[in-house]
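> In case you want the letters, here they are:
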Amino acid sequence: MMDSGFDRRDFLKVMGWSGAAVALSGCGNTSIEDGKETVAPYVEAADYVIPGIGVYYNSSCAQCDAGCSINGRVREGRVLKLEGNPASAINNGRMCGLGQAGVQHHYNPDRVREPLLRNGDKGETITWDKAYELIAEKLSSVDGEEIAFVSGGVSGHLKVLLGNYLSSFGCKNHFVYEALAPGVVRAANKKSYGVEMPRYNIDKAKVVLSFGADFLGSWISPVHFSQQYAQFRKGTNGQRGTLIQVESKMTLTGANADRWVHLRPGTEGILALGIINALGTAKGDIAAAVAGYDRAFVSKETGVPPGQIDKIAALLKLRSPSLVLAGSAAEGYAHGSQNAEAINLLNYVLGNIGKTIEAAAAIPFPQMAPAKGNTAALKTLNDGLAAGKYKVLFNYAANPVFTAPGAMKFKGNMAKADFKVVFAHYFDETALQADLVLPLDSALEDWGTHVPEYMVEGAQINIQQPLMEKIHANTRGMGDILLALLKQRQADEYKNYEDYYAYLRAAMLQNKAALGGVDADDDTFWNETLMNGIVKLEGEATALSGKPNVAGLKLPTLMENDEEYPLHLIPSVNISLRDGRHSNQPWLQESPDPLTTIVWDSWVEIHPKKAAELHISEGDIVEITSKTGSIKTQAYLFPGIHPEAISIPIGQGHEALGRYAKGYGANPFEIMDAIFDEETGELAMHETRVKISKTGQKVIVVKDESAAGAKQIREKIAGRVSTDEVDLSKEV
Amino acid sequence: MHRFLRISILLTGLLAAVNIFAAESSQLVPMTEDSLGPLVEQPIEFPHDRHAGDADKGGMEINCMYCHTYARRSAVAGIPPLQKCIGCHQSIESVRETPRIKKLFEYWDAKKAIPWKKVHDLPDFVRFTHQRHIKRFNEQLNRPIQEVCGYCHGNVKEMTVARRSKALSMGWCASCHEKDHPVTAEGGTPIDGQAYWYGFQKPESSGEVLKAKGPNDCWHCHK
Chain A
-5 MMDSGFDRRD FLKVMGWSGA AVALSGCGNT SIEDGKETVA PYVEAADYVI
45 PGIGVYYNSS CAQCDAGCSI NGRVREGRVL KLEGNPASAI NNGRMCGLGQ
95 AGVQHHYNPD RVREPLLRNG DKGETITWDK AYELIAEKLS SVDGEEIAFV
145 SGGVSGHLKV LLGNYLSSFG CKNHFVYEAL APGVVRAANK KSYGVEMPRY
195 NIDKAKVVLS FGADFLGSWI SPVHFSQQYA QFRKGTNGQR GTLIQVESKM
245 TLTGANADRW VHLRPGTEGI LALGIINALG TAKGDIAAAV AGYDRAFVSK
295 ETGVPPGQID KIAALLKLRS PSLVLAGSAA EGYAHGSQNA EAINLLNYVL
345 GNIGKTIEAA AAIPFPQMAP AKGNTAALKT LNDGLAAGKY KVLFNYAANP
395 VFTAPGAMKF KGNMAKADFK VVFAHYFDET ALQADLVLPL DSALEDWGTH
445 VPEYMVEGAQ INIQQPLMEK IHANTRGMGD ILLALLKQRQ ADEYKNYEDY
495 YAYLRAAMLQ NKAALGGVDA DDDTFWNETL MNGIVKLEGE ATALSGKPNV
545 AGLKLPTLME NDEEYPLHLI PSVNISLRDG RHSNQPWLQE SPDPLTTIVW
595 DSWVEIHPKK AAELHISEGD IVEITSKTGS IKTQAYLFPG IHPEAISIPI
645 GQGHEALGRY AKGYGANPFE IMDAIFDEET GELAMHETRV KISKTGQKVI
695 VVKDESAAGA KQIREKIAGR VSTDEVDLSK EV
Chain B
102 MHRFLRISIL LTGLLAAVNI FAAESSQLVP MTEDSLGPLV EQPIEFPHDR
152 HAGDADKGGM EINCMYCHTY ARRSAVAGIP PLQKCIGCHQ SIESVRETPR
202 IKKLFEYWDA KKAIPWKKVH DLPDFVRFTH QRHIKRFNEQ LNRPIQEVCG
252 YCHGNVKEMT VARRSKALSM GWCASCHEKD HPVTAEGGTP IDGQAYWYGF
302 QKPESSGEVL KAKGPNDCWH CHK
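In order, the protein sequences belong to chains A and B. Each residue of the first sequence is one higher than the one before, counting from -5 in the numbering used here. Each residue of the second sequence is one higher than the one before, counting from 102 in the numbering used here.
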């Protein structure tokens, strides 16, 4: 008992009363303070503007290249929410989480707001006129061949303007670089089918056999494929479609499959040929080519049990048409092209060509078709930079300093260019290396036209229009910038276009008849185009051609074990972070990864058996080392991965890109070796070998799933014991 | 005995602390139904009495919804665009040189919005819609518009700048929503065919005026 001071019980009583008193006096009846906030009315209001009521505009999603059309709700001049535009055949009014986060790209607090010129380590604010003058000055002192322009995938009128600008000073060095573009699959398709991107009819297939194509998550046009998949699952004539996914690391699509087959990384092509062999229906040179791929051999190479191969072959034989897809997991090797072609060959043997694989329509304006490119383009640029070939470098819609494989040493090579101009929304890793940073309008503030690579129904041009006024006064649209730069060189030709909007309008009206507005007057046509957000075209028919490449197929057998670096590194593509350009959108950071449920961080997936061998448990910070470098991240035990492989998601590990991206996780690009596909020269992303070691640190993995996590598999959700087996004496 | 003293000291101290805290916050006392909000100083002292007041008191009896035109169309009543003020005032020469109108034209010439201070506001977790209230009381029950607006805004036609004169608290809203209101006219005819809104069933014609409560489910306001 205390001698003086307060009894604990009394103290609590008093505290209770005072708490109530605070509640009564402090909170009042409403939480609103009169006369503190302002309400600013319009000076002049348009007739259709009613405060509190939304106005809807159609535009195009710019979060990935799939080309979904969006419909944005705008209230009091602010865009609040995006939904899919039902008129688009690609997304039919649907939208993915990545697209939804587009508003966070627009309202992001870390956007670049002023043109900045490097002055030592700092950026000095300059005017746009000064910036344009500076570019003209730099260009006048170099040769056209000494200028390089690296961009992400561009299409539509922007691509036309960009081409015109580059040819105005005789520059042919336009490098299109999309880090995760299916470059190898395109090339293999071109060989096997005669077109780079055919139309896949998942909904018409009875069996889909996918070799690492994550078509529900991140592959080519996931929103469209998800809808096809729903139809495929409903089935035709009451028969539900069956999905078999073959891959070394489970993707979202793999998690949805009826049969998930894991195989040794890089042996996808061998398994495809093994299935052709097991089918036994091939004739002539194909039969000869697969003769050596019998059950025993294929099983030894791939690690897939012979019974499994027989079952897949039997199912494919039983149900036709089927569809076989070659995805990013199959293409990511030095023999990636061979893998993809072997998989495409399977479609021939199964007779799927023309049924579930059809020719897509091509856009009748080839100059607007999307410019495509992958790491092969970046390699050419990088080699040129290393050799000091380029004096002036432009960069738009790509972040090569972040996404170039570490072995390329792109950052160091970029420094060799004298003058680097980066058109940027944010200070990403590439913008930080620039001499001149020019701030861009967000996708919701800018005008544009886009042509999707993957066409669904006929051809289409997507219209992008501003959903609201600019947030920052001094940002500009890429089209406006190119137009201003073009006026420096060819003032006469472009003098009629006050801005990019005027250019777009004039260009569209010029082709009014071809765009389906034969009878409409200009204003009607233009207004309807903006209202619809899409111009649908019949498109030019293309035909599937090409002979299956049989004779040239060379698939390497069992790769020898690397003693020093025993594990395959599989850089996985996260459904929302993709190549990392959107990692600064907190909605995407906080959306749990669909398979591991981890948020706001990187992780390395290790098979539980392998982890036990290495004495690694969940949350151990491990160091992953390749020939190129090493990164550290937390370990996550995951049964959906081949024991000889580990997987790290792409997109995290930013050293820049603002408060929501910088400092979270690790970047697997940093440790990627420069190994390329032998045929196309594209980066073999899955070819890097690594070793893994514990650092001794341990963290709690932040994830949505329960502590049991992946261990749930093969265990009962709640253990049950029948009553006669219960020993009551032990229970009480 | 000492114990009692000790508690008193503790209580006094804490109450003093609470009072200091409370004195700093703006709303000290729970509001009664008609307790007035603070007088808010506005960029222009707008005379509601002059515009909407009765003719015999020098007012012009302008309909509230002539300026607050969004009230019947939207959740918010809206402050009229500056354009609307100018629309009339550019041809009213008699007051053109008065200080308030001069200030008004200064904003107009600069094409700047007048930063009015909010007088009536609700927390973000409350969804109140003007449209439904106007529709119900003004259009269906044919109550005069000044009376309908006055249910919540008080007698604005006698104010210069508006001052909050109702509590606008949940209890105050509920006090009206819990009352029985006539939903049929004389003879039991449903008013505007919508009389069964609140009871979720159409009233049987009994010849009497039927009454029902206003909507009072939580989700009507807390969506």
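Any given hint could be a false lead.
Dumping the calculated BS3-like pairs for lysine-lysine here, alpha-carbon to alpha-carbon at most 30 Å [said to hold, decoys possible]:
1) A:75 <-> B:236
2) A:30 <-> B:324
3) B:212 <-> A:30
4) A:685 <-> B:204
5) A:116 <-> A:311
6) B:213 <-> A:30
7) A:75 <-> B:267
8) B:204 <-> A:75
9) A:228 <-> B:218
10) B:213 <-> A:75
11) A:464 <-> A:184
12) B:236 <-> A:464
13) A:464 <-> B:218
14) A:530 <-> A:366
15) A:277 <-> A:228
Here are some chain A residues the structure puts well away from chain B; computed CB gaps all over 10 Å [what the hints assert, rightly or not]:
16) 31
17) 32
18) 36
19) 38
20) 117
21) 161
22) 249
23) 365
24) 451
25) 452
26) 464
27) 555
28) 586
Just so you know, the hints here were simulated from the structure itself, not pulled from any lab data. The structure displayed is predicted, hence computed values, not measured ones. Glycine included, every Cβ here is placed at the ideal spot set by N, Cα and C.
> Now, for every hint given, state plainly whether the structure supports it.
Evaluated hints:
no. : hint            : verdict
1   : A:75 <-> B:236  : 28 Å, holds
2   : A:30 <-> B:324  : 26 Å, holds
3   : B:212 <-> A:30  : 23 Å, holds
4   : A:685 <-> B:204 : 75 Å, violated
5   : A:116 <-> A:311 : 65 Å, violated
6   : B:213 <-> A:30  : 20 Å, holds
7   : A:75 <-> B:267  : 34 Å, violated
8   : B:204 <-> A:75  : 38 Å, violated
9   : A:228 <-> B:218 : 57 Å, violated
10  : B:213 <-> A:75  : 28 Å, holds
11  : A:464 <-> A:184 : 42 Å, violated
12  : B:236 <-> A:464 : 37 Å, violated
13  : A:464 <-> B:218 : 26 Å, holds
14  : A:530 <-> A:366 : 22 Å, holds
15  : A:277 <-> A:228 : 34 Å, violated
16  : 31              : 5 Å, violated
17  : 32              : 4 Å, violated
18  : 36              : 4 Å, violated
19  : 38              : 4 Å, violated
20  : 117             : 32 Å, holds
21  : 161             : 43 Å, holds
22  : 249             : 35 Å, holds
23  : 365             : 43 Å, holds
24  : 451             : 38 Å, holds
25  : 452             : 40 Å, holds
26  : 464             : 17 Å, holds
27  : 555             : 61 Å, holds
28  : 586             : 27 Å, holds
Hint compliance for this structure: hints 4, 5, 7, 8, 9, 11, 12, 15, 16, 17, 18 and 19 are not met, and every other hint is.
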